[in-house]
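Q: Taken in order, these protein sequences are the chains called X and H. Count along the first sequence from 1, then add 23; that gives the number in the numbering used here. Count along the second sequence from 1, then add 2; that gives the number in the numbering used here.
To be clear, the hints were calculated from the coordinates, so they are not data collected in a lab. This structure is a prediction, so every number in the text was calculated from the model and none was measured. One or more of the hints may lead you astray.
To be verified - DMTMM-like, lysine to aspartate or glutamate: derived pairs with alpha carbons at most 25 Å apart:
| hint | chain 1 | residue 1 | chain 2 | residue 2 |
| --- | --- | --- | --- | --- |
| 1 | H | Lys-46 | X | Glu-38 |
| 2 | H | Lys-46 | X | Glu-118 |
| 3 | X | Lys-72 | H | Glu-43 |
| 4 | H | Lys-29 | H | Glu-54 |
| 5 | X | Lys-72 | H | Glu-54 |
| 6 | H | Lys-53 | X | Glu-118 |
| 7 | H | Lys-64 | X | Glu-39 |
| 8 | H | Lys-46 | X | Glu-39 |
| 9 | X | Lys-92 | H | Glu-54 |
| 10 | X | Lys-81 | H | Glu-99 |
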Amino acid sequence: AQSVTQLDSQVPVFEEAPVELRCNYSSSVSVYLFWYVQYPNQGLQLLLKYLSGSTLVKGINGFEAEFNKSQTSFHLRKPSVHISDTAEYFCAVSERRQLTFGSGTQLTVLP
Amino acid sequence: NAGVMQNPRHLVRRRGQEARLRCSPMKGHSHVYWYRQLPEEGLKFMVYLQKENIIDESGMPKERFSAEFPKEGPSILRIQQVVRGDSAAYFCASSPEGPNYGYTFGSGTRLTVV
């Protein structure tokens, strides 16, 4: 069985500061990894995905993530956040027939 | 190219009534997934369908819940005899080739059982 752990449920950060949202997964087979963002009362929007190839993945809105197989991590980063980045962020792993999501990290960007 | 369309956006049902949630996948997508999001929780997988077939329903409650994706028309998630604990946001997603390449999500249906 696979699982996804998002280590921080809440991350407050000041505007223009860097941020890292942590995600670890457990799986014994090759995985595909995703980060989604959910704004209030909306659906999930795909930020980026790792399928294969380069371990550094660039996504939309200036976000990037690095796949680290030895540490089974896929942390999301942004060098300088904006107020508009305030949202819930979900890490997910695909294996077999479904995406399994972490419990989410609420990113709050403070002025 | 319209995204994944879900309706209604909000649905209020009294205990014991039936709830029908509809999902039209993106054009060209033949794989549909339903997820449930309870307050303060992440998304939980419910069911994965292709046209006229249920591929994986391991996340569906054994009773009162059913899903279909007919040859024509939207996918339907049906909840019979709703209870307060069914109150949640239900999200539909679609993909062109199966789950390994990521999904496109709809905006969800927020079901409130009173």
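Q: A separate judgement is required for each hint: does it hold in the structure or not?
A: Okay, the hints, checked on the actual structure:
no.	hint	result
1	H:Lys-46 / X:Glu-38	32 Å, violated
2	H:Lys-46 / X:Glu-118	15 Å, holds
3	X:Lys-72 / H:Glu-43	22 Å, holds
4	H:Lys-29 / H:Glu-54	17 Å, holds
5	X:Lys-72 / H:Glu-54	29 Å, violated
6	H:Lys-53 / X:Glu-118	21 Å, holds
7	H:Lys-64 / X:Glu-39	48 Å, violated
8	H:Lys-46 / X:Glu-39	33 Å, violated
9	X:Lys-92 / H:Glu-54	38 Å, violated
10	X:Lys-81 / H:Glu-99	22 Å, holds
Checked against the numbered hints listed earlier, the structure breaks hints 1, 5, 7, 8 and 9; every other hint is satisfied.
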